[in-house]
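> Starting from the structure of chain X, add chains P and D where the hints point.
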Amino acid sequence: MARAALLVLADGRFPAGGHAHSGGAEAAVKAGRITSAANLEDFCRGRLHTAGLVAGALAAAAVLGVDPGDLDAAADARTPSPALRTAARRLGRQLMRAARAGWPCDELDALARRFPKGAHQPVVLGLAARAAGLGPDDAAYCAAYESVSGPATAAVRLLSLDPFDATGVLARLAPELDRVAVTAVEAARRVPDEGVDALPAASGPLLEVGAEWHAAWPVRLFAS
Amino acid sequence: MHLDHTHSGPAALSADAHRPDGSHRALRIGLGGPVGSGKTATVAALCRALRDELSLAVVTNDIYTREDAEFLLREAVLPPERITAVETGACPHTAIRDDISANLEAVEDLEDAVGPLDLILVESGGDNLTATFSKGLVDAQIFVIDVAGGDDIPRKGGPGVTTADLLVVNKTDLAPYVGSDLARMAADAKDQRAELPVVFQSLRRERGVADVAAWVRERLAAWTA
Amino acid sequence: MTATGVRADARIVARADGRGGTALPVLDGDGPLALRRTRSAGCEARVMVVGAMSGPLGGDRFSLTASVTEGARLHVGSAAATLALPGQAKGEARYDVRLDVADDAELHWLPEQLISARGSDLHVTTRAELAAGARLVLREEQVLGRAGEEPGRLTSRLTVRIAGRAVLDQELACGPGAPGGWDGPAGLAGHRAVGQLVVVRPEFAGHPVEPQLLDECTALIPLAGPAALVSAVAPDALRLRRLLDASLASLDGRT
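Protein chains in written order, with the working numbering: chain X, 1 to 224; chain P, 1 to 225; chain D, 1 to 255.
Chain X with its partners taken away, still in its complex shape (with noise of 0.2 angstroms):
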């Protein structure tokens, strides 16, 4: 197996629906909290140590082999936000038809059956990870490093942001994704011994109040 599937499966242009979610950045914007590249910046730290954590965590573990439909249930247990369940489904139900198209195996081809709406997403972007052969820190690493290079590419649209300004705002976060990504499969791996509390929890209280606030929108850009 090729390591470089790794590329295919983080590219910005991998047909899993990405491109209509925000990540929570247009509620930002909308609230005033993101104007500028400094304060998309923070929010995408926030959103790194928080989902952009829990994501690299659950997918890191799905690679490890554990339960999916274990994963799935910590990850509901960690979005207590109704709208954002609902679009993490949706995101892995996208995921799961182009991981299939990628890289088909009955494993995927198993989960797609046991969760016809829709898997939480990181739990299927590990196991599309581990259908490609590549590893739980591929995983984490895909994970986390869509956490914030979804919001950063809605900011751009959001605001007309500079796009230099947003990407470099992504370089100026590697070292903290690279972090991140380590934590996450240090947690992943405690999982088989000590099951699913292992796995990070981290929230961050206005991600998950402004994804509801999003949601009762009657026009918006982003699905979330």
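The set of hints was computed from the structure by calculation and includes no laboratory data. We treat Cβ as the ideally placed atom computed from N, Cα and C, and that holds for glycine. Some hints here could point you the wrong way.
[What the hints assert, rightly or not] Using C-beta positions, here's what the derived DEER-type ranges look like:
1. X:Ala31 to P:Ala183: 48 to 58 angstroms
2. P:Gly22 to D:Glu216: 25 to 35 angstroms
3. P:Ala183 to X:Thr35: 45 to 55 angstroms
4. X:Arg190 to D:Asp9: 48 to 58 angstroms
5. X:Ser36 to P:Ala186: 49 to 59 angstroms
6. D:Leu213 to P:Pro176: 25 to 35 angstroms
[Claimed, not checked] A few chain X residues facing chain D, derived, Cβ under 8 angstroms:
7. Ala31
8. Ala74
9. Pro80
10. Pro82
11. Arg172
12. Glu176
[Unchecked claim] A few chain X residues that don't get close to chain P, going by computed Cβ distances all over 10 angstroms:
13. Pro15
14. Gly17
15. Lys30
16. Ala101
17. Leu158
18. Phe164
19. Pro175
20. Pro192
21. Gly195
22. Ala223
Below, chains P and D without anything else, positioned relative to chain X:
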């Protein structure tokens, strides 16, 4: 595609002509074109023309989410459960061409929820002249332009005008008021499209959407043959 | 104060007394976690945590367990806010709360705020284990710093399980040394009070609450199970309490 009717597999990947239970899926026709050219009005007129003879449903792709879907709901062209809105994250062309996953879910869910369906119309959000539908999403596509957008659009071409299975030049009743030359538009379209069909329509006149509806019936006959 | 910190453990067991009331066969606690039984209200037993000294300080280890057995109803409050302060002992302070609620039992866990004072380092875990037929109202409020003060470091993990399945598992980390972005637009965005109100009722299984926004920073949401959460972020403790009280009142008015 698999034809094993006894085995219910996971959902189809994209354009498979059969559903997981082995049944033949609905024909999917995409409607694209620039903002304000009359896509939603054409979809509404098609629904009224075809709803008594066919089981049909609509997927809309809005720039601002749900606006077109809400227009169709207000106009009551179909029962609400037959209309689904896909949210496109400010990039409607991405949702119909580069990443069709959300639209595929929408069409599959409609078939599961209100099927069996004969026809699903997938309307793109108003976009530019380069927006076309992926073959993984639709079986045929209609590109809708209008005379008020400038009578040089057929001459300028672009993937929508050139390659769509049907080109609709809409709002012909406005031609005298905006100084558009219909004969020139027809000749330019012929140059760009060779044998591919073109329909000139005005939804305000009696004939309305009849020509487009007739074309849809032909495509459906070929699909189910 | 010792260099190794204080250890305090408190234990409450509530049991139906067979006459429609609730008895407290176990009510153990002293020092910072002294417990008092107060006047009962109807069939419910009421307990107040009356800290005899401030705490927890660095290196302290507090634990409190409450167990409500079948048919019993228990209400636990506290006499004053809990103030996390820096101590002479090295390392973080820990405060672990474990709540068990049986079928047909009810627990109201409504302590006063936890205030994270400058220089403190406290790790709190609250773990509620409920039977399928249990009822719970649980409120947690974290206040970052006394008036005008920088906060200390606070990590607070809240886990609620119903019939063995986690319906809520979330951790809040804030203050100096917390992972980056905690006070940014995805975290608290400058707010200094954050709270959670968890309500578990078996009837939510068939009739979950509708998501409801109480203000731009407060939402009532159905969890993935027979439970609802009010998640609130507010500028200060007073406004936070008002939001949570209003949410609970609207939930009570619902049934």
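> Please go over all the hints and tell whether each is borne out by the structure.
Now the hints, each set against the structure:
1. X:Ala31 to P:Ala183: 48 to 58 angstroms: holds, 55 angstroms
2. P:Gly22 to D:Glu216: 25 to 35 angstroms: violated, 50 angstroms
3. P:Ala183 to X:Thr35: 45 to 55 angstroms: holds, 53 angstroms
4. X:Arg190 to D:Asp9: 48 to 58 angstroms: Since Arg190 of chain X and Asp9 of chain D have Cβ atoms about 27 angstroms apart, the given range 48 to 58 angstroms is violated.
5. X:Ser36 to P:Ala186: 49 to 59 angstroms: Between Ser36 of chain X and Ala186 of chain P, where Cβ atoms are some 52 angstroms apart, the hint holds.
6. D:Leu213 to P:Pro176: 25 to 35 angstroms: violated, 52 angstroms
7. Ala31: holds, 6 angstroms
8. Ala74: holds, 7 angstroms
9. Pro80: With a closest approach of 5 angstroms, the Pro80 of chain X hint holds.
10. Pro82: For Pro82 of chain X, the interface hint holds, since the closest Cβ of chain D sits about 6 angstroms away, which is under 8 angstroms.
11. Arg172: violated, 11 angstroms
12. Glu176: Given a least distance of 6 angstroms, the restraint on Glu176 of chain X holds.
13. Pro15: violated, 4 angstroms
14. Gly17: Violated, because the least Cβ-Cβ distance between Gly17 of chain X and chain P comes to about 5 angstroms, which does not exceed 10 angstroms.
15. Lys30: holds, 13 angstroms
16. Ala101: violated, 5 angstroms
17. Leu158: Its Cβ does come within 10 angstroms of chain P, the nearest being 8 angstroms, so this is violated.
18. Phe164: About 19 angstroms separates Phe164 of chain X from the closest Cβ of chain P, which puts it past 10 angstroms; holds.
19. Pro175: Holds: least Cβ distance 29 angstroms, greater than 10 angstroms.
20. Pro192: holds, 27 angstroms
21. Gly195: Holds: least Cβ distance 28 angstroms, greater than 10 angstroms.
22. Ala223: For Ala223 of chain X, whose nearest Cβ neighbour in chain P is about 4 angstroms away, the distance does not exceed 10 angstroms, so it is violated.
Checked against the numbered hints listed earlier, the structure breaks hints 2, 4, 6, 11, 13, 14, 16, 17 and 22; every other hint is satisfied.
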